[in-house]
Amino acid sequence: MSASAHSSGAGSQPGPQAGAAARVGRLEPAALAGVMSRDVAIFGRYWRATTFSSIVQPTIYLLAFGLGFGALYHRVGHLTYVQYVATGVVATAVLFSSAFPGMFNTFIRWQFQRTYDAMLAAPVDVEELITAEILWISLRAGVYGMAPLVVGIFFGLEPNPGMLLVPLIGFVTGFGFAGFGVTVAAVAKTIDNFNYITSAVLTPLFLVAGTFFPISTLPAGLRAIAEINPLYHCVQLVRDASLGHLGPYDLGHAAVLIAFALLMWRLAISQLGRRLID
Amino acid sequence: MDAVSDSEEAERGFEGRLTPRAGAAISLRGVHKRFGEITAVDGLDLEVPSGVCFGLLGPNGAGKSTTMRMLTAQALADTGEISVLGYELPRESKQSRLEMGVVPQLDNLDVELTCRQILTVFARLYRVPRPQRTAAVDRALAIANLSHRADTIVRELSGGMRRRLLVARGLIHRPRLVLLDEPTVGLDPQVRQELWTLIDGLRAGGVTVLMSTHYIEEAERLADTVAVMSAGRIIAQGTPAELVREHAGEEVVEVYGPPDTLARVAALAADSGWSSRRSGPAVAIMRAETLDGGAPQGVRRPANLEDAFVALTGEEIE
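As you go down the protein sequences, you meet chains L and V in turn. Okay, so the first sequence: first residue is 392 according to the working numbering, each after it adds one. Okay, so the second sequence: first residue is 5 according to the working numbering, each after it adds one.
This is chain L alone, in the form it adopts within the complex (with noise of 0.2 Å):
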């Protein structure tokens, strides 16, 4: 143990190096970037297996559903099939990237690992450290969420200046969904009591949004919840900016991504915040 280190560096008057002169405040950059700085270091180990398994997830989906229903049903609309999976099934691939990292990591994290209570320790507050790793989430369901269309040209979808909003409108809905998981965390008793939420809550959002078929088939009860399903709105969005068909209609499926955000964002740090002080 080098003792002496501390003592002959710090001299007789310790103090911070960063501390006195700075002053901290609310949801400061700094802090996010600290926060976000871990979980890049965390991602440099992870990487390959997370884009390996982004690039097959939709390549499955492709030949089953593509290869599948599209022997049966060669178009949707005024679409081909290809073209209608490839888009909607960004929508899942982000969905995914963001609902299951918001309600895994973040219950490993603060019960597991009690990450969350180190860097409470330090100068970062609840609003910081859980706005820090829903943007972390949703950074990378944004990137990641572009996977399908990547796949989907080579199935023969045709490249769109459009796609290049596709990142935006992935990080809005990430952003969402991945309140939504921290949420899910923040008032689960056991990691356990994900099943139900997985089953009961995603998985129908999942299928009933357009995905994989119209929403416009199903009995009009039915479709009235799809319609207030937001991965319904981002699978809308996204497929009209990919083909190039935007108008104004997708300015209404924006802003109820937005407001999605926006609500989940506060949720989580309400519902979370309460549990991580005591």
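Everything labelled a hint here was simulated from the structure, so no lab data went into it. We put the beta carbon where it would ideally sit given N, CA and C, even for glycine. Warning: the hint list may mix true and false statements.
[Said to hold, decoys possible] One-sided and incomplete, this derived list gives chain L residues near chain V with beta-carbon spacing under 10 Å:
#1 Glu419
#2 Gly425
#3 Arg429
#4 Gly435
#5 Tyr437
#6 Gln504
#7 Thr506
#8 Asp508
#9 Met510
#10 Leu511
#11 Ala513
#12 Leu667
#13 Asp669
[What the hints assert, rightly or not] One side only, chain V facing chain L, incomplete, derived with CB under 10 Å:
#14 Arg73
#15 Leu113
#16 Glu116
#17 Leu129
#18 Arg173
[Claimed, not checked] Distance windows between CB atoms, simulated:
#19 Tyr437(L) - Glu96(V): 35 to 43 Å
#20 Val534(L) - Asp46(V): 48 to 56 Å
#21 Leu110(V) - Leu598(L): 35 to 43 Å
#22 Arg436(L) - Gly90(V): 39 to 47 Å
#23 Gly459(L) - Leu110(V): 47 to 55 Å
#24 Ile649(L) - Gly210(V): 50 to 58 Å
Please build the complex by placing chain V on the supplied structure of chain L, with the hints as guidance.
Same frame as chain L, but now just chain V:
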């Protein structure tokens, strides 16, 4: 502090508690904290002067960890006032956290990261300016004697190394106050010695240290001042030597024997009004020097902090 009479307070130097002394690193006044039915902290008054190593000694469940968490605003007091480094909690807690370091009782290191990665993340969280970050990380690694393991993943470190890394993480920004919550709990004696050296080095460097512990020896060796905590409040405070003199006297006589002998000695002590306790296979009678030869035959030894602690809290430790 209702349990402590005014005269005792004066003796123990509590008179300053209503007006925080200039330069007090930590001050708690009338702090209560309940968790449902359980009262964890029950009217706590505590003042830690700058530049000392202050030991918070108490049995498990005395409220030490809750007190520590309140000092970082990770637990909020129900009533009472808390200030840390002159900042009022919880309102200015983020500012105070910027200037202090925390070493938690439970290992909360990221097991998937290397020592250097963890220290770099915390250097950012503690706002160490970018040009100084590498040097700060190297310095913290050197303090913890982990320079040769800088790029080892935490999962592969021994328990002692992980604990040293926890300490290094709390010192990355050269804090002027360090909170250590049970710093050596569960460590083998050699690692414990290493950490003691490190903590002593901090104090020598002018850093204020508040350390909670339930190891008597740890408090006795390191702390300039010890506050004994029991049932959520401070029941005595002073230097280790003062506490021993005041609550256990100069000498203790330990009487060994079969259980019925011990029972007889304990009964005799109770009848005679001597302060005594069971100490493993013996009965220990405090203040043997005042018994004027009236004490039973036994082994005489100097009183220690453990005697004082048991006399104060009625609880055995370890």
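So, going through the hints one by one against the coordinates:
Using the Cβ-Cβ criterion of 10 Å, the hint placing Glu419(L) at the interface with chain V is satisfied: the shortest such distance is roughly 9 Å. Taking 10 Å as the C-beta cut-off, the interface hint given for Gly425(L) holds, the closest approach to chain V being about 4 Å. Proximity of Arg429(L) to chain V holds as hinted, the smallest CB-CB distance being about 5 Å (cut-off 10 Å). Hint on Gly435(L) holds. Least Cβ distance to chain V is approximately 9 Å, under the 10 Å limit.
Look at Tyr437(L): its Cβ gets to within about 9 Å of chain V, closer than 10 Å, so that hint holds up. The beta carbon of Gln504(L) comes within 7 Å of a beta carbon in chain V, closer than 10 Å, and the hint placing it at the interface holds. Hint status for Thr506(L): holds, given a least beta-carbon distance of 6 Å to chain V, under 10 Å. Against a cut-off of 10 Å between C-beta atoms, the interface hint on Asp508(L) holds, since the closest Cβ of chain V lies about 5 Å away.
For Met510(L), the interface hint holds, the least distance from its beta-carbon to any beta-carbon of chain V being 6 Å, beneath 10 Å. Proximity of Leu511(L) to chain V holds as hinted, the smallest CB-CB distance being about 6 Å (cut-off 10 Å). For Ala513(L), the interface hint holds, the least distance from its beta-carbon to any beta-carbon of chain V being 4 Å, beneath 10 Å. Below 10 Å, beta-carbon pairs count as interface contacts, and Leu667(L) has one with chain V at about 8 Å; its hint therefore holds.
Hint status for Asp669(L) relative to chain V: holds, with the closest Cβ pair at about 4 Å, below 10 Å. Interface hint at Arg73(V): satisfied, since its Cβ lies 7 Å from the closest Cβ of chain L, which is below the 10 Å cut-off. Given the 10 Å rule on beta carbons, the hint for Leu113(V) holds: about 8 Å separates it from the nearest Cβ of chain L. Given the 10 Å rule on beta carbons, the hint for Glu116(V) holds: about 6 Å separates it from the nearest Cβ of chain L.
Contact between Leu129(V) and chain L, as hinted, is supported at the beta carbon level, the nearest pair being about 4 Å apart and thus within 10 Å. For the restraint placing Arg173(V) at the interface with chain L, the shortest Cβ-Cβ distance is roughly 8 Å, inside the 10 Å limit, so the hint holds. Against the hinted window of 35 to 43 Å, the Cβ-Cβ separation of Tyr437(L) and Glu96(V) comes to about 38 Å, which satisfies the hint. For Val534(L) and Asp46(V), the hinted distance range of 48 to 56 Å is satisfied, since their beta carbons lie about 52 Å from each other.
For Leu110(V) and Leu598(L), the Cβ-Cβ distance of about 42 Å falls inside the hinted range of 35 to 43 Å, so the restraint holds. A hinted range of 39 to 47 Å holds for the C-beta pair Arg436(L) and Gly90(V), which are about 41 Å apart. Here the CB-CB span from Gly459(L) to Leu110(V) is close to 51 Å, well matched to the stated 47 to 55 Å. Checked against the hint of 50 to 58 Å, the pair Ile649(L) and Gly210(V) passes, with Cβ atoms roughly 52 Å apart.
Consistency with the previously given hints is maintained throughout, with no hint failing.
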